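Colleague: Required output: the full structure, derived from the provided sequences and hints.
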Amino acid sequence: MFNAGLSEGLLFFHKTGATLYGYFLELLGWDYSKGQVLSFMLMGISGFFWFLILRKLEFDLKSRITFLLLFFYMEFSFTATNSIRYETLVLALQSFALYLFFIRKFFLVGLISVIAIECHPIAIMNLTYLLGLILSNHGKEGFTQFFKPSHIQWQPIFYFSVGCLIGVLYYFSLHPLPFTKLYDFLFLNSVQGVGKYQDTKLGALGLYYFKAKFYRHLPELFIIFIALSIYLYKKKYKEKLYLLLWVVMLVILNFLRPIQTYVAIIYPAFIVLMVASFHSIKKLNLLLIIFITLMVPQYFGVYYLNKDWDRKNYVADISKLVPKDGLPVIGSAISWHALKERKNYKAAIYPVSEANELEWKELYFVEDYFIREKEEYIGTLAYLDRHYNFSIVETSNATGKPIVLKKLTRK
Numbered sequence: 003m004f005n006a007g008l009s010e011g012l013l014f015f016h017k018t019g020a021t022l023y024g025y026f027l028e029l030l031g032w033d034y035s036k037g038q039v040l041s042f043m044l045m046g047i048s049g050f051f052w053f054l055i056l057r058k059l060e061f062d063l064k065s066r067i068t069f070l071l072l073f074f075y076m077e078f079s080f081t082a083t084n085s086i087r088y089e090t091l092v093l094a095l096q097s098f099a100l101y102l103f104f105i106r107k108f109f110l111v112g113l114i115s116v117i118a119i120e121c122h123p124i125a126i127m128n129l130t131y132l133l134g135l136i137l138s139n140h141g142k143e144g145f146t147q148f149f150k151p152s153h154i155q156w157q158p159i160f161y162f163s164v165g166c167l168i169g170v171l172y173y174f175s176l177h178p179l180p181f182t183k184l185y186d187f188l189f190l191n192s193v194q195g196v197g198k199y200q201d202t203k204l205g206a207l208g209l210y211y212f213k214a215k216f217y218r219h220l221p222e223l224f225i226i227f228i229a230l231s232i233y234l235y236k237k238k239y240k241e242k243l244y245l246l247l248w249v250v251m252l253v254i255l256n257f258l259r260p261i262q263t264y265v266a267i268i269y270p271a272f273i274v275l276m277v278a279s280f281h282s283i284k285k286l287n288l289l290l291i292i293f294i295t296l297m298v299p300q301y302f303g304v305y306y307l308n309k310d311w312d313r314k315n316y317v318a319d320i321s322k323l324v325p326k327d328g329l330p331v332i333g334s335a336i337s338w339h340a341l342k343e344r345k346n347y348k349a350a351i352y353p354v355s356e357a358n359e360l361e362w363k364e365l366y367f368v369e370d371y372f373i374r375e376k377e378e379y380i381g382t383l384a385y386l387d388r389h390y391n392f393s394i395v396e397t398s399n400a401t402g403k404p405i406v407l408k409k410l411t412r413k
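Those letters in the sequence shown? Residues 3 to 413, per the numbering used here, in order.
The hints are simulated quantities; they were obtained by calculation from the structure and are not laboratory data. A couple of the hints might just be wrong.
DSS-like, lysine-lysine: derived pairs with alpha carbons at most 25 Å apart [claimed, not checked]:
| # | residue 1 | residue 2 |
| --- | --- | --- |
| 1 | K403 | K314 |
| 2 | K64 | K238 |
| 3 | K408 | K363 |
| 4 | K236 | K58 |
| 5 | K58 | K284 |
| 6 | K36 | K342 |
| 7 | K17 | K342 |
| 8 | K237 | K285 |
| 9 | K238 | K58 |
| 10 | K376 | K409 |
| 11 | K408 | K326 |
| 12 | K17 | K345 |
| 13 | K58 | K107 |
| 14 | K17 | K183 |
| 15 | K326 | K363 |
| 16 | K64 | K240 |
| 17 | K285 | K64 |
| 18 | K342 | K322 |
| 19 | K363 | K409 |
| 20 | K345 | K409 |
| 21 | K236 | K64 |
| 22 | K376 | K215 |
| 23 | K322 | K403 |
| 24 | K284 | K64 |
Taking CB as the label site, the calculated pair distances span [said to hold, decoys possible]:
| # | residue 1 | residue 2 | range |
| --- | --- | --- | --- |
| 25 | L137 | A400 | 53 to 59 Å |
| 26 | Y217 | A384 | 23 to 29 Å |
| 27 | F216 | L30 | 31 to 37 Å |
| 28 | V170 | E361 | 30 to 36 Å |
| 29 | K413 | I159 | 54 to 60 Å |
| 30 | F227 | G328 | 55 to 61 Å |
| 31 | T397 | K285 | 51 to 57 Å |
Note that the structure is a prediction, hence the values are computed from the model and not measured. Cβ coordinates follow ideal geometry from the N, Cα and C atoms, glycine included.
Modeller: Next up, the structure:
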């Protein structure tokens, strides 16, 4: 239907999300802001289902409203909503599957969970929410009872398994590839592969807290530690053990693939922890005031730093800059919006090609601000430097930040 740029990724994952965004943009027009509308809608769906989930978990109305305000107001949500990435879709499917779990639609829980993983494999983290609830329920009666046949509920397991099986069949209908290739791709994109070019020691959460500009997320970490301390001091684990299980499992799994934006999948658990803890000391209003005080200056700062950047000019500039002579083009993920009509365009997100060497003898390389500044492009730059010679074709300063068009020829 269209060239999504991430050719290796679409061979193995993402087709559900690509198709959803594709049909949506076919209806409204192929414009970045239209894609943001869908991201906004998906984030709204996620918040709606979390509101219903918290009611099932016996949170009062004030706590549920506080959760929603924080969920929509915090930076992880702002970032996801203002981009066209898969986090919003994974979050929507996460909350939907969790709500289905509460209304005992176990077949759909399994099916939706696997579809979420097809959208992006990091959605495997969504299963921790389900597992945390199951373990929490059994924790009340003692974990020694967990594997006793008389305590196992076989019917929900059967329906969940059938849903997962249908989901797996759906996956392989979209990606009819051998398991070995799937394993190689997952290995290449996990912490082992990404670690060749990026700092993986901190995990996604560590990057979010300690690598963000001006360390602006550290106050959030401090508040989460306070919330966890209150939770433990008040012994809330006796009634809400799932919160502790969520936090522990998600912190462990955040090392799977250390990309900052993946904290969006983790943060609902952190927000529920904060809401539950501050509610227990009757300080929900204080929690909201703290985050308003923290976030308003940040959003004004983000606006001030980015107010001169015009996406439409950027797209128009790259469209004019790259010749239409049939040569392949590599650029940043965001440059796809200028080059989406080029059937031989490739996004430079790492890894450009580790499992399969590029066969192109000549190509254009669009070096923009994102290529130069973002860590995820380091691997591609290293690959191209090893295998290609380059010459500068043209440089544009129309957007205020140089865009350099280079022509690469194989060494």
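Colleague: Now, for every hint given, state plainly whether the structure supports it.
Modeller: The hints, checked one at a time:
Proximity of K403 to K314 is assessed by CA-CA distance (about 14 Å); at most 25 Å being required, the pair is judged to hold. Taking the CA atoms of K64 and K238, the gap is about 18 Å. The hint holds against a cut of 25 Å. A C-alpha spacing of about 14 Å is found between K408 and K363, which places the hinted pair at or below 25 Å, so the restraint holds. Using a Cα cut-off of 25 Å, the hinted pair K236 and K58 holds, with the two alpha carbons roughly 22 Å apart.
Pair hint K58 plus K284 holds up; C-alpha atoms about 21 Å apart against a cutoff of 25 Å. Proximity of K36 to K342 is assessed by CA-CA distance (about 15 Å); at most 25 Å being required, the pair is judged to hold. A hinted pair counts as satisfied when its Cα atoms are at most 25 Å apart, and K17 with K342 qualifies at roughly 16 Å. Of the supplied pair hints, the one linking K237 and K285 holds, its CA atoms being roughly 17 Å apart against a limit of 25 Å.
The hinted pair formed by K238 and K58 meets the criterion: a straight-line CA distance of about 17 Å does not exceed 25 Å. Distance check on the hinted pair: K376 and K409 sit about 21 Å apart at the alpha-carbon level, within 25 Å; holds. Proximity of K408 to K326 is assessed by CA-CA distance (about 14 Å); at most 25 Å being required, the pair is judged to hold. At roughly 17 Å between alpha-carbon atoms, K17 and K345 fall within 25 Å of each other, so this suggested pair holds.
For the proposed pair K58 and K107, the alpha carbon gap of about 14 Å is at most 25 Å, so the pair holds. Restraint check for K17 and K183: the C-alpha separation of about 17 Å stays at or below 25 Å, so the hint holds. Taken as a hint, the K326 and K363 pair is honoured in the structure, with Cα atoms around 17 Å apart against an allowance of 25 Å. Proposed proximity of K64 and K240 is supported: the alpha carbons are some 22 Å apart, at most 25 Å.
The straight-line distance between the Cα atoms of K285 and K64 is roughly 11 Å, inside the 25 Å bound, and the hint therefore holds. Between K342 and K322 the alpha-carbon distance is near 13 Å, which keeps this suggested pair within the 25 Å criterion. Pair hint K363 plus K409 holds up; C-alpha atoms about 11 Å apart against a cutoff of 25 Å. Using a Cα cut-off of 25 Å, the hinted pair K345 and K409 holds, with the two alpha carbons roughly 18 Å apart.
Simply put, K236 and K64 have alpha-carbon atoms about 20 Å apart, close enough for the 25 Å limit, and the pair holds. This hinted pair checks out: K376 and K215 have alpha carbons roughly 13 Å apart, not beyond 25 Å. At roughly 16 Å between alpha-carbon atoms, K322 and K403 fall within 25 Å of each other, so this suggested pair holds. Distance hint between K284 and K64 is fulfilled; the C-alpha atoms sit about 11 Å from each other, no more than 25 Å.
For the pair L137 and A400, the supplied restraint of 53 to 59 Å holds, since their beta-carbon distance comes to about 56 Å. Taken as a hint, the range 23 to 29 Å holds for the pair Y217 and A384, whose Cβ atoms sit roughly 28 Å apart. Against the hinted window of 31 to 37 Å, the Cβ-Cβ separation of F216 and L30 comes to about 36 Å, which satisfies the hint. The hint said 30 to 36 Å for the Cβ distance between V170 and E361, and at roughly 32 Å that hint holds.
Remark: the range hint 54 to 60 Å for K413 to I159 is upheld by a beta-carbon distance near 56 Å. Separation of F227 from G328 is about 56 Å and conforms to the stated range, judged on CB atoms against 55 to 61 Å. Between T397 and K285, the C-beta spacing of about 55 Å keeps the proposed range 51 to 57 Å intact.
Of the numbered hints stated above, none is contradicted by the structure.
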